[in-house]
Amino acid sequence: MSALSAKASGPIGVSGHPLTSEQEEILSHPPDSSKKWEAFAGCAKTSTSIEFAHAWPRPAIYIAFNNSIVAEAESKFPSHVQTRTANSYAYNALGINRYRDRLIKQRLRPDHLDPCSDLLRPIGGMTDINVRRAIIKTMGNFLISADDEVSETHIAGVPYQAKGAVLPLFSAVIERIMDYQHSGLVFTHDVYLKAFARHSVISDQFDYLIVDEFQDLNPVLIDIVNKSRLPAMIVGDPWQSIYAFRGAVSAMQSFRVPALSLTKSFRFGPAIAALANRVLSNSLNRPEKQIVGNPAKQSVVMEYKGTLSRRCTILARTNFRIFESLVTCKLPFHMIGGIDEMINQVAAGYSLYKGNRATVIDPMVSRFYTWDQCKEAAEHEDDPELARLVRIIEQYTDSVPEILAGMKKLHVPDEREASIVVATAHKAKGREWTHVVVLDDFLSISELRAMLSRKRITAGEYNQEINLIYVTLTRAIETLAISQPLFEEVADGRGFH
1 MSALSAKASG PIGVSGHPLT SEQEEILSHP PDSSKKWEAF AGCAKTSTSI EFAHAWPRPA
61 IYIAFNNSIV AEAESKFPSH VQTRTANSYA YNALGINRYR DRLIKQRLRP DHLDPCSDLL
121 RPIGGMTDIN VRRAIIKTMG NFLISADDEV SETHIAGVPY QAKGAVLPLF SAVIERIMDY
181 QHSGLVFTHD VYLKAFARHS VISDQFDYLI VDEFQDLNPV LIDIVNKSRL PAMIVGDPWQ
241 SIYAFRGAVS AMQSFRVPAL SLTKSFRFGP AIAALANRVL SNSLNRPEKQ IVGNPAKQSV
301 VMEYKGTLSR RCTILARTNF RIFESLVTCK LPFHMIGGID EMINQVAAGY SLYKGNRATV
361 IDPMVSRFYT WDQCKEAAEH EDDPELARLV RIIEQYTDSV PEILAGMKKL HVPDEREASI
421 VVATAHKAKG REWTHVVVLD DFLSISELRA MLSRKRITAG EYNQEINLIY VTLTRAIETL
481 AISQPLFEEV ADGRGFH
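Just so you know, we're using our numbering here: the sequence shown kicks off at 1 and counts up by one.
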């Protein structure tokens, strides 16, 4: 029986819907050994996890990538399953509540290292502030790694030849921050998660784990799963891996256990499934199977020509393209993940343009000392995001503050109250909408292939961009409107195989 069909007489899942043959196969395996479930977009990853938990009513823990997924899943899993993020589990297990007055949500700043001044010393021609920034970058690399000790591989922000010499200093500062129980220093959520990975394991009160969105995990999270020594049901889509820039690795491929598939999308119909398959056929890690669209869903793919005729969700590659789309907007809108990041990025560009570099904190802009340097980099670095920022500032100049203020007034915190929803592709991951519009700042597949052949991007970077296009196009349920040139490539199916 194909994955698309289900026996008319059953079996019926706890949701009341017939199970596919692929779901039946997954549920037939007891949680006595680890498995991975490779599921394409909209292919019922969470629903299958819930069905599995009901099929095998043993004490278990469901671990998801973020709080929103956990919150949605909590009411759906049976009572013998705890639903947590890795951070919330570690928070409770380590009793972090006792130290919450020193726990900060934002990243460490150089001044947070003031209590470590007895350990700090000058390094070559580096200023004290640059030494502190290098330590913070190094610590970031260490915290997301699977390593128990700081090593030269984690060190960043210093000359290569100096890594060995600074290792004892950097390690001493990092270990003092890691000792959050006794140091009195502020610390971040990543710090206690790393502490848990080094010294603790998930309780053996559970018989098995279900780990969702596994493709987005970084090495420290994978390390926590491995060290649990519990059978793990690994759930994810290798081709929805889009967070390599945050330290995520090819986790699904690296987890070498038997693989089962979920290929039927319940989200969209055959037209969008065909589009997604066409995009993934250009991956350097092409999937062996294809997505099967739901014949009960009538999905339509069309070219976007700049006119909106209904309430929809607008997706773009970058915050800057979203800014451009909202300049003339007079309707209340909601931005997934909030508007602050976009506002701050554009404001940083404007501050540099006005010569107020001291107020610039955005990392994309803060590396430049003058606006001319920023413009020159935009012309020569082949960075479309930076080039778009320069174009925005040069076009709107002193109107930027007024435009940003207007956007703040129009932004509504509740998505349901908005006439338009906007999001970057990264923030849209895990979501779905009835009508989706895709803007024109995605690199086309032909551009990506050219950049790869000229070695301007790596194979890994190429695959991440292909994955990002796939994620973006599979957010739609009924209508998907795509801007040129991407529409011509993926919808008309011209070459690229």
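Errors might be hidden in some of the hints.
[To be verified] The calculated DSBU-like cross-link candidates involving lysine-lysine, where the alpha carbons are at most 30 Å apart (straight line), are:
{"#": "1", "residue 1": "Lys408", "residue 2": "Lys354"}
{"#": "2", "residue 1": "Lys35", "residue 2": "Lys76"}
{"#": "3", "residue 1": "Lys330", "residue 2": "Lys227"}
[As the list claims (entries may be wrong)] If you anchor each label on the Cβ, the simulated ranges turn out as follows:
{"#": "4", "residue 1": "Glu478", "residue 2": "Glu25", "range": "26 to 34 Å"}
{"#": "5", "residue 1": "Pro363", "residue 2": "Thr458", "range": "31 to 39 Å"}
{"#": "6", "residue 1": "Ser283", "residue 2": "Arg121", "range": "41 to 49 Å"}
{"#": "7", "residue 1": "Thr153", "residue 2": "Ile12", "range": "45 to 53 Å"}
Rather than coming from a laboratory, the hints here were simulated on the basis of the structure.
Model, not experiment: these values are computed from the prediction.
No residue lacks a Cβ here, since even glycine has one placed at the ideal position from N, Cα and C.
(message) Name the hints, by number, that the structure is in violation of.
(response) Hints 3 and 5 are the ones this structure does not satisfy, whereas the remaining hints hold.
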